[in-house]
Amino acid sequence: MPRKHRRVVWAPKSKNDLLDVWRYYQRVASPEIADKLLREINDVGQRLADEALMWRARDEIVPGLRSVLVRPYTVFYRINDSVVEIVRVLHERRDLARAFSKKEF
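If you count the sequence shown from 1, position 100 lands on 117 in this note's numbering, and the numbers rise without skipping.
In short, the hints are calculated from the structure, not lab data. Careful: at least some of the hints might be erroneous.
To be verified - Calculated cross-link-like contacts (lysine-lysine; reagent style DSS-like; alpha-carbon spacing at most 27 Å):
no.	residue 1	residue 2
1	K53	K32
2	K21	K32
3	K53	K30
Generate the whole structure from the sequences, applying the supplied hints.
Listed below in structure tokens is the structure:
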């Protein structure tokens, strides 16, 4: 069965998350390590264009939400027709209930 190619878009909150990730790793490690992690996250994000249904459904958090792990971060996304919307990029230890509360999400 052929995979459906979808367009990948990064929601504003996910872009802010990426900036926070980069700032943290450039401070505690190096700009090179921060760049490498963001490249890994971006690569996984681009794979979602063809493989969005391959990863974990997270309906227990928000109906229709899915996730893929890029240690130590989790990329959360939704599939809408021909679009994969990456909604958040959160550390795996983050309080997900709080991050996805109705007022936040």
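Structure-based check of each hint:
no. : hint         : in the structure
1   : K53 with K32 : 16 Å, holds
2   : K21 with K32 : 25 Å, holds
3   : K53 with K30 : 21 Å, holds
When each numbered hint is compared with the structure, no violation occurs for any of them.
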